[in-house]
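Asker: If you're matching positions, the sequence shown starts at 2 in the numbering used here and goes up one per residue.
Hints are computed from structural coordinates only; laboratory data are not their basis.
Being a predicted model, the structure only gives us computed values, none of them experimental.
One should not assume that every hint holds.
Derived PhoX-like pairs (lysine-lysine); straight-line CA-CA distance at most 20 Å [as the list claims (entries may be wrong)]: (1) 56 <-> 310; (2) 151 <-> 6; (3) 54 <-> 297; (4) 116 <-> 151; (5) 297 <-> 56; (6) 298 <-> 310.
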Amino acid sequence: MALRKKELHDENTNRRFPDTSNTRYQAYSYGACELVVYHHLYVELMEEICDSKAKPGVNHLESNVAKGLQDASTLAELAAMALYGVSVLWPYLSQARGDGSKIVNLLDLTELHRKLPTFCNHIALHPTLLLDSNAPLDEVTLNGKPFMDKMLLAAVCMLAPDLPGLTCMISAMFSGAAKGWVQFTTEFTVGGPFDSLTSAERALVFIPSTNNANEGALGSWRVHARSRPSSTASTFSSQARSEHNNTEEFIVKCCNEDDQGYVMRTVRTADASGENAQFREELMENQWEHAVQYRKKQEEDQRKKDREKERLRSIGLITD
């Protein structure tokens, strides 16, 4: 997939498909955006996966995915979900998280939460705004900035002629979101519990705006992979072991310059070997070869069937 993205879009990334975890709701909009932007590549990928197996063909799950990628209603829903992500959800999360230099107080986001239902209802009433590249930014994104995924709008507009229910789906997505925001942000309403707090009380009653405490190795890996998309599990594992074992402290106490020079040369040699890149290339090449062999076999089987049909047609019927 990364090679195809490089060939067609000149995109250098080893980004994995978004992890649709039920504890990270925005991941679904990331996944929807990925499928819409690279729709044709995922159609090709599904065909290649099915053709490269030891026993080629589709199982039940693969069949459902392949059908979904060709279904107009499903694609319209994915497009609406992706547009909701770039228009509302991603800008909202960037403001809720802040720039990372400090933890944001949820009480300071009152105006943002009051704006959400109104903004979503506006898009629900005017869904074509999201498909207009000339629409004012403050009417199409929550923060008034361009879409975070610059390829999404072009991809949606390319699919739009084959998605007759797209605008209705966008309206339904945003009207439903507006109702959800109203239901889950009652404390931010005018006259609500937060309105009566003074500035001093707001500072005293500090509520973190996110629940981003990542615990355990998997949570740490998720953060590591998000900020370093080209990193590997091997690199992360080495770094985690180093921190856990206080390797830096050991180096300061026990290693001299010769030891450190030896370690650096060894690591550079391992990095220069391109072992990880070679593994990925071999894996993709093997998958492609399996797919090609299966397709050739299918073509040969079809030719045999055609020859047999032709032979049977050439046999005259003998009737008494």
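Asker: Could you work out which of the previously given hints the structure breaks and list their numbers from low to high?
Answerer: 1 and 4
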